[in-house]
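The hints should help you fit chain B onto chain A, whose structure is shown.
Protein chains in written order, with our numbering: chain A, 1 to 225; chain B, 1001 to 1225.
Simulated from the structure, these hints should not be mistaken for lab results. Be aware that one or more of the hints could be misleading.
In silico DSS-like links for lysine-lysine, alpha-carbon gap of 25 Å or less [said to hold, decoys possible]:
1) B:LYS1149 / A:LYS198
2) B:LYS1189 / B:LYS1149
3) B:LYS1012 / B:LYS1184
4) B:LYS1184 / B:LYS1149
5) A:LYS189 / A:LYS157
6) A:LYS149 / B:LYS1198
7) A:LYS198 / B:LYS1198
In this text the structure is predicted, and so the values were computed from the model without any measurement.
2 protein chains.
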Amino acid sequence: MDRVSVQTNVLKANQEIATENRRFFEGEGTVVINLMSAPGAGKTSLLEATIRELRGRYRLAVIEGDLQTDLDSRRIQALGTRSHQITTGTVCHLDARMVARALAEFPVQGLDLLVIENVGNLICPASYDLGESLRVVICSVAEGAEKPKKYPVMFHKADVVLLNKTDLAAASGVDLRDLETNVKEVNPKATVFAVSCKTGIGLDSWVAWLRDAIASRIIAATART
Amino acid sequence: MDRVSVQTNVLKANQEIATENRRFFEGEGTVVINLMSAPGAGKTSLLEATIRELRGRYRLAVIEGDLQTDLDSRRIQALGTRSHQITTGTVCHLDARMVARALAEFPVQGLDLLVIENVGNLICPASYDLGESLRVVICSVAEGAEKPKKYPVMFHKADVVLLNKTDLAAASGVDLRDLETNVKEVNPKATVFAVSCKTGIGLDSWVAWLRDAIASRIIAATART
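This is chain A alone, in the form it adopts within the complex (with noise of 0.2 Å):
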């Protein structure tokens, strides 16, 4: 068998089992988030400013995705909520599968939301499907205002780009504006926010955002029972 078609096999294997990852999480009314950038872009960041903001309020646990460390992981403890590492070693996504053998070790029943942070890389994870609700992609302005044309499958996928590290804008000699007609342009139906998870500056409406979703997940779930 030749490498398209191993390929071609491993993508349709795991929307199988994306597919029955996403017919539990319904079940649940849980909203999950694939969260997805290049490495360094704020993933976790921004995870860390979210989870101040839901916590307490809604029942929240995340899923991490590294190649190596859980670095990650223990920033999501420190802060009072549940979170699951998964270290990949050299495979640069995550996939269905391992989501669920995550599921079968990390019980994630009656969540509102869960959020599984993907391995930091703008092309590969776009691919696979995860069962997720929604796909999150974060650019950092600091990578320049031309990464959505240079990577377009990841901002064609997405639900919500979050232009994170506005802060940096005018040091990178990036124009924000040009950055947001970029996503536009490869990606017109995508919601976009501007935002600094260090200022907090943007974080508000994100927020807000997120919260809508989750209402309708648990309005819907609830109509289904």
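For chain B alone, coordinates are given in the frame of chain A:
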């Protein structure tokens, strides 16, 4: 054949072609750099700054690897340096065969320096030998100090690590010494340069190092003939 066996065969086939590429480059006395980083760490900016210092004195060319767009290749050509674009589509890394095919279309005989700018990805490109003489990794300070620990394979195999965007260190809240310590922990043999392609700080040391590398290669090639 399962996925792991296919991957093993792919890497074995890649190694054979990389060895042929390397033999060709060595015969030409050309220093070949495989330039790797996460998206937006500054590969093309480093190339622009390096070309400005070396052009006129050395015979240079660039091969650009990108998922989409020829934005980077056009930046290089704007400096009067020959550049060839490899567009990978959805493939997250360059491989030796892509480089061999590029060489068939893009003559590089007699060059002093060929830089192959890889796809922006801190994971998969580390596994594919292209036939290069040197592996140069750029890490943006704005990505955070812990990146070498979280992406160890890429840093472990690097000959040179450039810590770029040092002008953003204070604003990013990143201690440059922590970042350098983490690089050295993963790879004590790497030559490390702290630079800012924006302000120019530190680039003179990198360019001096590269000139020495080119000189050694020219001497070695002359000795062989």
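Okay, the hints, checked on the actual structure:
1. At roughly 22 Å between alpha-carbon atoms, LYS1149 of chain B and LYS198 of chain A fall within 25 Å of each other, so this suggested pair holds.
2. Proposed proximity of LYS1189 of chain B and LYS1149 of chain B is supported: the alpha carbons are some 16 Å apart, at most 25 Å.
3. Taking the CA atoms of LYS1012 of chain B and LYS1184 of chain B, the gap is near 29 Å; set against the 25 Å cutoff, the hint is violated.
4. Under the criterion of a C-alpha separation no larger than 25 Å, the hint pairing LYS1184 of chain B with LYS1149 of chain B is consistent with the structure, at around 10 Å.
5. The suggested pairing of LYS189 of chain A with LYS157 of chain A holds, with an alpha-carbon distance near 10 Å, which does not exceed 25 Å.
6. Simply put, LYS149 of chain A and LYS1198 of chain B have alpha-carbon atoms about 22 Å apart, close enough for the 25 Å limit, and the pair holds.
7. Under the criterion of a C-alpha separation no larger than 25 Å, the hint pairing LYS198 of chain A with LYS1198 of chain B is consistent with the structure, at around 23 Å.
The earlier numbered hint that this structure contradicts is number 3, and it is the only one.
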